[in-house]
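S.K.: Order-wise, the sequence lines are chains A and B. Using UniProt numbering, read the first sequence as starting at 1 and increasing by one per residue. Using UniProt numbering, read the second sequence as starting at 1 and increasing by one per residue.
Careful: at least some of the hints might be erroneous.
Far from chain A, some chain B residues (derived; all Cβ distances over 12 angstroms) [said to hold, decoys possible]:
#, residue
1, M108
2, F219
3, W236
Quick look at which bits of chain B chain A covers, simulated, 3 or more residues with Cβ under 8 angstroms [said to hold, decoys possible]:
#, stretch
4, 46-60
5, 116-126
These are calculated hints, taken from the structure and not from any lab test. Virtual Cβ for every residue (Gly too), placed ideally from N, Cα, C.
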Amino acid sequence: MIQVKNLSKRYGERIAVDDLSFTVRPGVVTGFLGPNGAGKSTTMRMIVGLDAATSGTVTVNGRRYADHPAPLRELGALLEAKSVHASRSAYNHLRVIAATTGIPKRRVDEVIELVGLHQVARKPAGAFSLGMGQRLGIATALLGDPETVILDEPVNGLDPEGVLWIRNLLKTLAAEGRTVFVSSHLMSEMALTAEHLVVIGRGRLIADVPIAEFTSRACTSSVRVRSPHSAALSELLAGPDVSITSSERGVLHVTGLSIEQIGERAAQAGICLYELSPQQASLEEVFMDLTRDCVEYRAAGEAATAGKVA
Amino acid sequence: MTMTSLAPRPRTAVGAPELSAPAFVRARRLSRGRVTLTRVVNSEWIKLRSVRSTVLTLLAAAGAVVALGLLFSGVHSGVIGAQSLGLQPGSGASPADVSLGGVNLGQMIIGVLGVVLVTGEYATGMIRPTLTVVPRRLPVLWGKTIVFGGVALVAMLVATFTAFLGGQALIGASGASLADSGALRAVVGAAVYLTGVGLLGLAAGAILRRTAAAIGVLFTVVFVVPGLFPLLPHSWNAAVGPYLPSNAGTSFMTAAHAAGSLAPWTGLGVFAGYVVAALVGAAILLKRRDA
Numbered sequence: 001m002i003q004v005k006n007l008s009k010r011y012g013e014r015i016a017v018d019d020l021s022f023t024v025r026p027g028v029v030t031g032f033l034g035p036n037g038a039g040k041s042t043t044m045r046m047i048v049g050l051d052a053a054t055s056g057t058v059t060v061n062g063r064r065y066a067d068h069p070a071p072l073r074e075l076g077a078l079l080e081a082k083s084v085h086a087s088r089s090a091y092n093h094l095r096v097i098a099a100t101t102g103i104p105k106r107r108v109d110e111v112i113e114l115v116g117l118h119q120v121a122r123k124p125a126g127a128f129s130l131g132m133g134q135r136l137g138i139a140t141a142l143l144g145d146p147e148t149v150i151l152d153e154p155v156n157g158l159d160p161e162g163v164l165w166i167r168n169l170l171k172t173l174a175a176e177g178r179t180v181f182v183s184s185h186l187m188s189e190m191a192l193t194a195e196h197l198v199v200i201g202r203g204r205l206i207a208d209v210p211i212a213e214f215t216s217r218a219c220t221s222s223v224r225v226r227s228p229h230s231a232a233l234s235e236l237l238a239g240p241d242v243s244i245t246s247s248e249r250g251v252l253h254v255t256g257l258s259i260e261q262i263g264e265r266a267a268q269a270g271i272c273l274y275e276l277s278p279q280q281a282s283l284e285e286v287f288m289d290l291t292r293d294c295v296e297y298r299a300a301g302e303a304a305t306a307g308k309v310a
Numbered sequence: 001m002t003m004t005s006l007a008p009r010p011r012t013a014v015g016a017p018e019l020s021a022p023a024f025v026r027a028r029r030l031s032r033g034r035v036t037l038t039r040v041v042n043s044e045w046i047k048l049r050s051v052r053s054t055v056l057t058l059l060a061a062a063g064a065v066v067a068l069g070l071l072f073s074g075v076h077s078g079v080i081g082a083q084s085l086g087l088q089p090g091s092g093a094s095p096a097d098v099s100l101g102g103v104n105l106g107q108m109i110i111g112v113l114g115v116v117l118v119t120g121e122y123a124t125g126m127i128r129p130t131l132t133v134v135p136r137r138l139p140v141l142w143g144k145t146i147v148f149g150g151v152a153l154v155a156m157l158v159a160t161f162t163a164f165l166g167g168q169a170l171i172g173a174s175g176a177s178l179a180d181s182g183a184l185r186a187v188v189g190a191a192v193y194l195t196g197v198g199l200l201g202l203a204a205g206a207i208l209r210r211t212a213a214a215i216g217v218l219f220t221v222v223f224v225v226p227g228l229f230p231l232l233p234h235s236w237n238a239a240v241g242p243y244l245p246s247n248a249g250t251s252f253m254t255a256a257h258a259a260g261s262l263a264p265w266t267g268l269g270v271f272a273g274y275v276v277a278a279l280v281g282a283a284i285l286l287k288r289r290d291a
């Protein structure tokens, strides 16, 4: 269980995390989602105390992380891949970490096998690929058999097989009753792994919802209508809660009216329709919609294009 | 190596690997897992041994002390062809101090090693897991101090004794013995000084966190500033000069006591004061700053 209360982090003038509050519960995988620069990594660093909060508190299993006498048993963290001395072997790296808390060598061998690094464990970690570095980071996080696991962008640099492996690993860890908190900037990845979502943008909380609720938002979306009389149809459908856009000639995207309403009104007015179809926004689109105002870095001109997606 | 080989191996013959693997993650209650200073010392000891360059650098420091000590002793006694090297045999220095002449180079090497032991963690990102698993942080600094200080002291004692005994053997009849006044103190003192410079480097690394900056500051304090002091008005130099780290060190690691320098035990106290102050400064910053 991770409890974040009114957490803020300021670097000089820049506010990285702004009055953030949420709770990560045990037993489910909680996705931590936001565009690059949203403050995800900073929040995670504050959870383990690498960065001090400017204000607010964060507790892990009921206490400040640093106040736990046996921190490695409480929480395992992967904060940045390849946070390893380049000329030390993976095996020795894990032994160094294990030794601080009296974990035996046997356990080091176990996690090496668990993450599938047994063939390269004796080689310098500096020669590892990004994917192997991620696996070593995950091995480090699991070393202490912790109640809570936090992983910052764990699928970065993994091959498809590795991505699938992480997904199953996270779900199994959660099923065992652990608290699993995983950040990503990819909605699609979270949709497949997480049961709960915490979405932030520009350091602020945007959503703290079960994934099912998030998905249902995706269903309330537009209707695509194609008609030779689109201009007349557009006038007919216009109303206070209705928005109509057109991306190509003869095609309307209508939000605020159901398919049935549109069909009936068109029939009553005798307007011929060639197409009447529901347009479901993808989870990615809902995510982009939510975080549109919060994207830290955006290419010039991208704003205009993005505006038309939904 | 194929990517397939990276996949987790099933623990048992039955069951999908992705399900069998985490099941054993919690299969046992591990030791209670408290972080203690002893455990952190053990961790730092593994750290020190498991990077080859660390071990090699320590050997290089010891080697420099021995090799230069023997070279200077050889020149001093005339065993080594001094003329061809442009050196004068039989200079006025005491034989004990001649054999410890390698300290000058040795301190640079061990100082850099001290710096890199900390800045290397920042450069590679190792500092993140290090401070995550020891979130109170200070045990990490004390652990490094104990391990590096201990290992360096042992290695430097071996080096200074070897340099002294080997050097005196080269010098022969006019050589010093450990029983001579100040000789034993100088030999042990040189090792203590070298260890202290290593710890100054460690503290500088922890304070500045960047290799180049920390080496720059360390060398400035240990070499450059003492070199500049003689350029100051004589009264300033006489009043402050002896208290500089390297000059304080010289007072307890030379057998022949130089005029104007501190008494050996005073010098040791002053030098130790620098080391302790630097480590305390490093501790305060380590505790306060974001990692």
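S.K.: Hints the structure violates: just list their numbers, smallest first.
M.R.: none
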